[in-house]
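Chemist: Can you build the whole structure from these sequences, using the hints too?
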Amino acid sequence: MRTINIHQAKTHLSRLVDEAVQGDSFVIAKAGKPKVLVTRLDAPEAPAKRRLGGLEGMYTIPDDFDEIDKQLDKEIEELMLGKDGE
1 MRTINIHQAK THLSRLVDEA VQGDSFVIAK AGKPKVLVTR LDAPEAPAKR
51 RLGGLEGMYT IPDDFDEIDK QLDKEIEELM LGKDGE
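Counting in this note's numbering, the sequence shown runs from 1 upward without gaps.
Treat the hints as calculated values from the structure; they're not laboratory data. Virtual Cβ for every residue (Gly too), placed ideally from N, Cα, C. Do not rely on the hints blindly, as some may be mistaken.
Below 30 Å or equal to it, Euclidean Cα-Cα: the simulated DSBU-like pairs (lysine-lysine) are [what the hints assert, rightly or not]:
id : residue 1 : residue 2
1  : K10       : K35
2  : K30       : K10
3  : K49       : K35
4  : K10       : K33
5  : K83       : K70
6  : K49       : K70
Ranges between beta-carbon positions, derived for each pair [to be verified]:
id : residue 1 : residue 2 : range
7  : N5        : L55       : 28 to 34 Å
8  : E77       : A46       : 44 to 50 Å
9  : G53       : G32       : 36 to 42 Å
10 : K74       : P44       : 45 to 51 Å
11 : D64       : K33       : 53 to 59 Å
12 : K10       : G53       : 43 to 49 Å
13 : G53       : E77       : 35 to 41 Å
14 : K83       : P44       : 28 to 34 Å
15 : G53       : L13       : 44 to 50 Å
Modeler: Here is the structure:
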């Protein structure tokens with residue numbers, strides 16, 4: 001993507017906007033530092049990059065996970081319906 005300094009952008013703003021509308025986005029820089037991205041309004045956004053495995057090692061699933069789930073279901077059922085299931 002090309003970078004235009006702010007003085008050039010002021011001088012050629014109309015032409016640069018027309019180019020951006022055609023899909024030629026650009027960056028306006030001041031003193032060599034990028035400040036603004038100019039792109040057309042309906043331009044599709046780039047999809048966010050997904051990072052696989054970002055939580056690896058941060059948690060563990062116990063071996064008796066299914067049993068815990070069954071116990072929890074039973075406890076919830078008892079709380080909602082009473083111990084007799086009525």
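Chemist: Are the hints correct? Go through all of them and say.
Modeler: Evaluated hints:
no. : hint                   : verdict
1   : K10 to K35             : holds (14 Å)
2   : K30 to K10             : holds (12 Å)
3   : K49 to K35             : holds (23 Å)
4   : K10 to K33             : holds (16 Å)
5   : K83 to K70             : holds (16 Å)
6   : K49 to K70             : violated (37 Å)
7   : N5 to L55: 28 to 34 Å  : violated (43 Å)
8   : E77 to A46: 44 to 50 Å : holds (47 Å)
9   : G53 to G32: 36 to 42 Å : holds (37 Å)
10  : K74 to P44: 45 to 51 Å : holds (50 Å)
11  : D64 to K33: 53 to 59 Å : holds (56 Å)
12  : K10 to G53: 43 to 49 Å : holds (47 Å)
13  : G53 to E77: 35 to 41 Å : holds (36 Å)
14  : K83 to P44: 28 to 34 Å : violated (57 Å)
15  : G53 to L13: 44 to 50 Å : holds (46 Å)
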